[in-house]
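Asks: Here are the chains, one letter per residue:
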Amino acid sequence: MITLIYQLLREDEKFIIESAKKLNIELNLLSADKLILDPRNFQFKDKLILNRCLSQFIGDQITHFFETFNIKVINSLEVNHLCSNKFITSLFLIKNNIPTVPFLVFFHEEMIDKVSQILENYPLVLKPIYGSWGRLLAKINDRDAFEGIIEHKKNLSSPYHNIFYTTKFIEKPNRDIRITIIGKKIVSCVYRESFHWISNTARGGKIKICNLDKELENICQNLIEKIPEGIYGIDVFEYQNGYLVNELNNTVEFKNIQKVTGVNISDEIINFCLEKINND
Amino acid sequence: MFNANCPICGSQINFSTLPEENELLNCGNCNNRLVTKSVIGNEIILAEAPNIEEDWGE
Chain A
1 MITLIYQLLR
11 EDEKFIIESA
21 KKLNIELNLL
31 SADKLILDPR
41 NFQFKDKLIL
51 NRCLSQFIGD
61 QITHFFETFN
71 IKVINSLEVN
81 HLCSNKFITS
91 LFLIKNNIPT
101 VPFLVFFHEE
111 MIDKVSQILE
121 NYPLVLKPIY
131 GSWGRLLAKI
141 NDRDAFEGII
151 EHKKNLSSPY
161 HNIFYTTKFI
171 EKPNRDIRIT
181 IIGKKIVSCV
191 YRESFHWISN
201 TARGGKIKIC
211 NLDKELENIC
221 QNLIEKIPEG
231 IYGIDVFEYQ
241 NGYLVNELNN
251 TVEFKNIQKV
261 TGVNISDEII
271 NFCLEKINND
Chain B
281 MFNANCPICG
291 SQINFSTLPE
301 ENELLNCGNC
311 NNRLVTKSVI
321 GNEIILAEAP
331 NIEEDWGE
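Same order as they appear, the protein sequences are chains A and B.
Going by the numbering used here, the first sequence opens with residue 1, and the numbers climb by one from there.
Going by the numbering used here, the second sequence opens with residue 281, and the numbers climb by one from there.
Note that these hints are calculated values from the structure, not bench results.
Warning: the hint list may mix true and false statements.
Stated by the list, open to error - List time: in silico PhoX-like cross-link candidates among lysine-lysine, alpha-carbon distance up to 25 Å:
hint, chain 1, residue 1, chain 2, residue 2
1, A, 255, B, 317
2, A, 185, A, 95
3, A, 34, B, 317
4, A, 168, A, 127
5, A, 45, A, 72
6, B, 317, A, 14
7, A, 226, A, 184
8, A, 114, A, 95
9, A, 185, A, 21
What the hints assert, rightly or not - Each pair of labels, with its calculated beta carbon distance range:
hint, chain 1, residue 1, chain 2, residue 2, range
10, A, 87, B, 285, 42 to 48 Å
11, B, 290, A, 278, 48 to 54 Å
12, B, 330, A, 152, 22 to 28 Å
Backbone N, C-alpha and C define an ideal beta-carbon position, used for all residues, glycine too.
Take the sequences, apply the hints, and build the full model.
Replies: Structural data, given as structure tokens:
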């Protein structure tokens, strides 16, 4: 019924396998290493693909391929496109009046003084437009650091490192908020606590339960109305008695959230897959 | 019960059921991150888990 495509089976995927067994749903595992995407010999027997590839680029090729043959994939290419490029995510948030962190993109080191002026001085945060788990993020405290990091980035091999996606640094209360949205539903809401300015759990952030208040719930509902249906991890900062949505993530990791909150996110994922199959 | 040896420290790792290919696990002895490279019949071959790539993640 459902094919789970993966590169590495992590605890998250093992939770999904357990949920499928428990709910008596046929879930076939397919390692991306064994795939040949050959359109002339296309054969596929299941009704839906749950794409859990670790690599964004490999995952996108797989999703694109199967969607070409009208096979439903979760998350869809539309969701992946919205989440994987941080500049595209930020533009989407601005366009839809979702409160977000002030950001901009520039391409040349000559612009750094103008950039720091527009973003109201240092500190700033420089992020690769693609990437996850807090990798290659730089907090820039002054002009010297900005100049040095830009020079280093210009010497990295991938062309996207020459796209300087820069945001204002948001002073947070040693935590951020991660909200999991599946379909139209807010499934969980947790704090990720850390004394480091990067609070990702991949970087050691600790999970604690967070109760959604009315304001945050309204932001989420507004977001749910605007985003294509899928499985999302929404990162939110608390700022000046309000909230700023920082990032939208696809291929959501949830093992720690599931353990701490007791919310069975893997059940929710399987149920969402069934809902998509039945909506055919 | 199935078992395989850690490719790094050589200690025996036990499995109650056959693992899937490319399943992540930790060696209980050296704590290195491993992956099941292949499962053929009851034979499990383990390898060191791959390094994180630039586009990995959520």
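Asks: Does the beta carbon distance between residue 87 of chain A and residue 285 of chain B stay inside 42 to 48 Å, or does it fall outside?
Replies: Because 47 Å falls inside the window, the suggested range holds.
Asks: Straight-line Cα separation of residue 168 of chain A and residue 127 of chain A no greater than 25 Å?
Replies: 11 Å, holds
Asks: For residue 45 of chain A and residue 72 of chain A, compute the direct alpha-carbon distance and say whether it is at most 25 Å.
Replies: Roughly 12 Å separates the two Cα atoms, so the pair holds.
Asks: Has the given pair, residue 255 of chain A with residue 317 of chain B, been kept, meaning a C-alpha gap of at most 25 Å?
Replies: 23 Å, holds
Asks: Quick one, are residue 185 of chain A and residue 95 of chain A close enough, alpha carbons at most 25 Å?
Replies: 22 Å, holds
Asks: With a cut-off of 25 Å on the C-alpha distance, tell me whether residue 114 of chain A and residue 95 of chain A pass.
Replies: 23 Å, holds
Asks: Could you see if the CB distance from residue 330 of chain B to residue 152 of chain A stays within 22 to 28 Å?
Replies: This hint holds: roughly 25 Å between Cβ atoms.
Asks: Indicate whether the distance between the beta carbons of residue 290 of chain B and residue 278 of chain A respects the range 48 to 54 Å.
Replies: 50 Å, holds
Asks: Is the straight-line distance between the alpha-carbon of residue 317 of chain B and that of residue 14 of chain A 25 Å or less?
Replies: 17 Å, holds
Asks: CA of residue 185 of chain A to CA of residue 21 of chain A, is that 25 Å or under?
Replies: 23 Å, holds
Asks: Is the hinted pair residue 226 of chain A and residue 184 of chain A satisfied, with a Cα-Cα distance of at most 25 Å?
Replies: At roughly 11 Å apart (the allowed maximum being 25 Å), residue 184 of chain A and residue 226 of chain A satisfy the hint.
Asks: Take a quick look at whether residue 34 of chain A and residue 317 of chain B sit within 25 Å of each other, Cα to Cα.
Replies: Holds: residue 34 of chain A and residue 317 of chain B sit about 12 Å apart, inside 25 Å.
Checked against the numbered hints given earlier, the structure satisfies every one of them.
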